[in-house]
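Student: Spelled out, the chains give:
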Amino acid sequence: MKRKTRTLIQDSVASTVAIFLGVILVFPLIYCVCGAFKTPHEFLTPTLLPGSFSYLGNFEEALEKGNLLRYTANSFIIALVGTTVRLIFSILAAYAFAYYDFRFKNLCFFLILGTMMIPADVLLATNYLTVSKLRLLNSYLGVMIVSFVSAAQMFMLRQRFKSVPKDMREAAQIDGYGDISYMINVLLPISKPVLTTLFVQSFITLWNAYLWPLIVTASSPHMRTIMVGITKLNSWEDENYQLVLAGVCISLIPSLVLFILMRRNMKKGGIDGALVG
Amino acid sequence: MDATNEGCMASVQLTSIKKIYPPVSGGRKKHRVSANEAGTNLEKTEQGVVAVQNFNLEIKDKEFVVLVGPSGCGKSTTLRMIAGLEEITEGELYIDGKLVNELDPKDRDIAMVFQNYALYPHMSVYDNMAFALKKRTSSKDEIDRKVREAANILGITEYLDRKPKNLSGGQRQRVAIGRAIVRNPKCMLMDEPLSNLDAKLRNQMRAELIQLRRKIDTTFVYVTHDQTEAMTLGDRIVVMKDGFIQQIGTPQEVFEKPANQFVAGFIGTPQMNFFPASLKEAHGQYSVDLDGYVVQLGDEDSERMKTHGVTPGNIILGLRPDSLVIEHSSTASVAHVDVVEMMGTNIHLHLDYRGREIILVTQAKDENQHLKMDYEQGSELYFSFLPQSMYLFDSETGMNLVV
Amino acid sequence: MKTGTTLQHRRRAKTRKKVFLLLLPIMLFGIVFVYYPFIRTIVNSFSLVNAKGIIKGFAGLDNWAYTFGRKDFVLALKHTLTIAAVNVPITIIITISLALLANKKRKMSPLYEFLFTLPMAVSMSAACMIFKSMFSPSVGFINYFFGLNLGWYESKDTALAAILILTIWMGIGFNFLLMLSALRAIPEQIIEATKVDGISPLRRIFRVQLPLISPTIFFVLCTNLVLAMMTSAPVIIIMGVSSASSATNTLMSMMYQSGFSSSDYGLAAVLSITTFILTLGFTIMSFVFEKRKVHYQ
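Residue numbers (our numbering), protein chains in the order written: chain W, 1 to 277; chain Z, 1 to 403; chain R, 1 to 297.
Next comes chain W alone, as it looks inside the complex (with noise of 0.2 angstroms):
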């Protein structure tokens, strides 16, 4: 029984550790939290927690005064809608290379993938004045349009195109059904696990946007994105830090809340969506 309980002590330790690091790691969080609920003069000791978790004083006036209500809708359609976009440019070009021969199948798809090795702030400069001449500044579309070509989600789409059997997309032709009834019927619902993967990431990393949209949304105020209103937060009143933190509090939620659904989803299937963004 000794290695059991040596296995036992190095296991307690190992994962006290664990959380000790975690929570630390974590820190930050925690403090975000603890600072949204303090009161404008309670910040101005820095000790962790605040008087009570009952003040919701600071939630209130980011919403109201700092806008981060119609922010946050902003953010919400733009990521909603720009995941789409995305994601059916994605879809509709992963069939063509997973269904179809022709002739320039290579070229088009290095091309594709070819965008991958851009960095998109390398391109911020151009696309400004793009969409400025496409008169989009100020609107949603000028915030999404730079979205809504992922690479590298076409390319696992494609994967996923192909390992379906063809026998499959031959049944459906015979049953009377042609390419886009076939997705619609056949293909998307199949390939749920990776729609929904690569849904969640792109809502993310549309919803976390920072730079693109300042830019754009720069001379509308109305038109921001709670990533770029959180950092205003604190542009009228110096050092209202617990204001900033309940607004990032809000910001955070959306965040959270599908992180925790991707760790459950990335348990049962593998961490293949994940490399994805």
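By construction, these hints were calculated from the structure, which means they are not laboratory data. Remember, it's a predicted structure, so these values are computed and weren't measured experimentally. Heads up, some of the hints might be wrong.
Unchecked claim - Covered stretches of chain R, going by a simulated chain W footprint (3 or more residues, C-beta under 8 angstroms):
| hint | region |
| --- | --- |
| 1 | 31-41 |
| 2 | 105-112 |
| 3 | 130-142 |
Unchecked claim - Chain W is nowhere near these chain Z residues, computed Cβ spacing over 10 angstroms in every case:
| hint | residue |
| --- | --- |
| 4 | Ser11 |
| 5 | Thr15 |
| 6 | Gln47 |
| 7 | Asp96 |
| 8 | Asp104 |
| 9 | Gln115 |
| 10 | Gly169 |
| 11 | Glu208 |
| 12 | Thr228 |
| 13 | Lys241 |
| 14 | Asp301 |
| 15 | Ser302 |
| 16 | Val310 |
| 17 | Thr345 |
| 18 | Arg356 |
| 19 | Val402 |
Claimed, not checked - The calculated lysine-lysine pairs, modelled on DSBU-like cross-linking and capped at a C-alpha distance of 30 angstroms, are:
| hint | chain 1 | residue 1 | chain 2 | residue 2 |
| --- | --- | --- | --- | --- |
| 20 | W | Lys166 | Z | Lys98 |
| 21 | R | Lys17 | Z | Lys98 |
| 22 | W | Lys133 | R | Lys107 |
| 23 | R | Lys105 | W | Lys4 |
| 24 | W | Lys232 | R | Lys52 |
| 25 | W | Lys2 | R | Lys107 |
| 26 | W | Lys166 | R | Lys52 |
| 27 | R | Lys195 | W | Lys4 |
| 28 | R | Lys107 | W | Lys4 |
| 29 | R | Lys52 | W | Lys192 |
Ideal Cβ placement from N, Cα and C applies to all residues, glycine included.
With chain W's structure known, arrange chains Z and R on it following the hints.
Tutor: Relative to chain W, chains Z and R alone:
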């Protein structure tokens, strides 16, 4: 199925069908052809690999035709051409008298059962079967009626709510068939439907298919590499090799009068034995000399050979394993026992005849129900054969000389 | 009768049309918002560009010479390289260590695995605001708890370090996940073999486990390198885009400044391309490194 069988019958006619796989730039097709090519001798032209050529076949209404042959012989390709899943390079295809070369699969009124069933995994059995009907009929009641009718015929009514993953292989197979028959197609196409089942299940399903045949009265085109399936299921068999038709005939015809050596060797288990022998002729009478053991041909066969103008020379002599008779005298041909397979009622004797392996099938028990003599490895065994058991093939072309 | 090639052509044309429509959206947007800007930025860097973004003339290497001569450019370059050089190794070390600790599945695993990956759910701007407040010299927790009096983001000496802490923290979540998956993907039997052979844990880590996850380490290295080179948001958010930020300016934050504060598109282009080339160069160098050190199974 039901009395008003409107769509359920059609003849299928293939005329000079040819299929060439071009060396195409989209890497995929090339790969597939190469896989089939291994071990076959498909003709390669500058336009590409010829998977099927010179294919002429008239399938009568309600006939059950089996395309059989080794891997890569073109049987699946032909079936897929009938279905419309492969383009026909040359030739015409008629279904029910209509030229359908350019029609999409869905417009040909055919149904197909795939080797891997291709059931939609996210739908219940009911939905799988109803799926095809949704595009043709809008009436929910009618769809329901047809699905239940088909399910009834196949005995899968109790599974209608289940998903494919909760079914066994045999059940899935039945659903695949059900999905096909529910539409009352003019022609049913089946692509090696039993290949994925284990041996025991295969036998069972084969018997069920024969029963099913009685209940579903439509034209069948069935592809398999298993000659037993072909023999038991088909009204007629089409034997194929390397893209060419080798012979078309009823199971009986193909068995008793194989057109060439390949067909003779392909049909029948265990495989026919082939011996190099010489054909002799004297005064209008032909005889076969197998390394000294001479057997005269029957009159009828001799007559036929004379009219064909067959000249004496080297030939291939074919003898089925069960037509070799064990002799006890040394005037017969001699071979040595190699492997003895106890098959229950029969014994399969693998013999070494002059360096080549031949098989002799004999009954395990003699007339008195006593087990026949023990066959020792290496011991000598004499055998003979009757003239009517002989199959004679040209040593170069492999054509049957007598037929 | 030959069922001629005209009908085959028709079918092939139909396919071509279908494929064209399927690929059109993604390729159109890919060209307009990725390839075109890329080329255009390169062109801009060699041109005189006015404040509206229109090219007014050819500038040859003038923009480049001008940029490279600027003191603040050299400073930004230094900062960017520092960030890359410090961020990547530390991230790798921390995440590998955490992954090794968490590798074995224990009762409390779900808890600390959750904690270790949690930073990945936090957006860049959220993290920036949290850290900005946490490290505030006056009301921040860090100074209070550790009894320090550092200026952190408000002091020239410590600003870069503070930014590094932030970026490293942000990267831990996702990279930990990768490392953990890679470690757990090592066939159990190999680990058991080391136990049977009596190999000490330290040796096992360095001689067996790390080499076997080297492809993942390489991937983490590459991706984090690119991200580190592109660092701009923390500077913009926390430090603000003003002269005070020259203490921590990075190439990309400077690009943002020139592009969107001063509308100097030529300069912005040069900075963008410089960053891109550097990043590409480092990535290629990593591949050389990969050939020698990374073991693929």
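Student: Beyond 10 angstroms from every chain W Cβ: check whether that's true for Asp104(Z).
Tutor: violated (7 angstroms)
Student: Taking C-beta pairs only, is Gly169(Z) more than 10 angstroms away from all of chain W?
Tutor: holds (15 angstroms)
Student: Need the status of pair Lys105(R), Lys4(W): alpha-carbon distance at most 30 angstroms?
Tutor: Between Lys105(R) and Lys4(W) the Cα gap is close to 16 angstroms, so the pair holds against 30 angstroms.
Student: Measure nothing beyond the straight line between the CA atoms of Lys17(R) and Lys98(Z); if it is 30 angstroms or shorter, mark the hint as holding.
Tutor: holds (29 angstroms)
Student: Test the statement that Gln115(Z) is away from the interface with chain W: the closest C-beta pair must be farther apart than 10 angstroms.
Tutor: violated (7 angstroms)
Student: Given the proposed pairing of Lys166(W) with Lys52(R), does the C-alpha separation stay at or below 30 angstroms?
Tutor: Distance ~52 angstroms between Lys166(W) and Lys52(R) Cα, so the pair is violated.
Student: Lys232(W) and Lys52(R) were given as a pair; does the straight-line alpha-carbon distance stay at or below 30 angstroms?
Tutor: holds (27 angstroms)
Student: Quick one: see if chain W covers the region 130-142 of chain R, three-plus residues with Cβ-Cβ under 8 angstroms.
Tutor: Our answer is that it holds, as 10 residues pass the Cβ test (under 8 angstroms) against chain W, meeting three.
Student: Please work out if Lys195(R) and Lys4(W) have their alpha carbons no farther apart than 30 angstroms.
Tutor: holds (16 angstroms)
Student: Count residues of the region 105-112 of chain R with a Cβ under 8 angstroms from any Cβ of chain W, then say if the count reaches three.
Tutor: holds (count 6)
Student: Beyond 10 angstroms from every chain W Cβ: check whether that's true for Gln47(Z).
Tutor: Holds, since 17 angstroms exceeds 10 angstroms.
Student: Mind verifying the non-interface call on Thr228(Z)? Its CB should be farther than 10 angstroms from each CB in chain W.
Tutor: holds (24 angstroms)
Comparing the model with each earlier hint shows violations of hints 8, 9, 22, 26 and 29; every other hint is respected.
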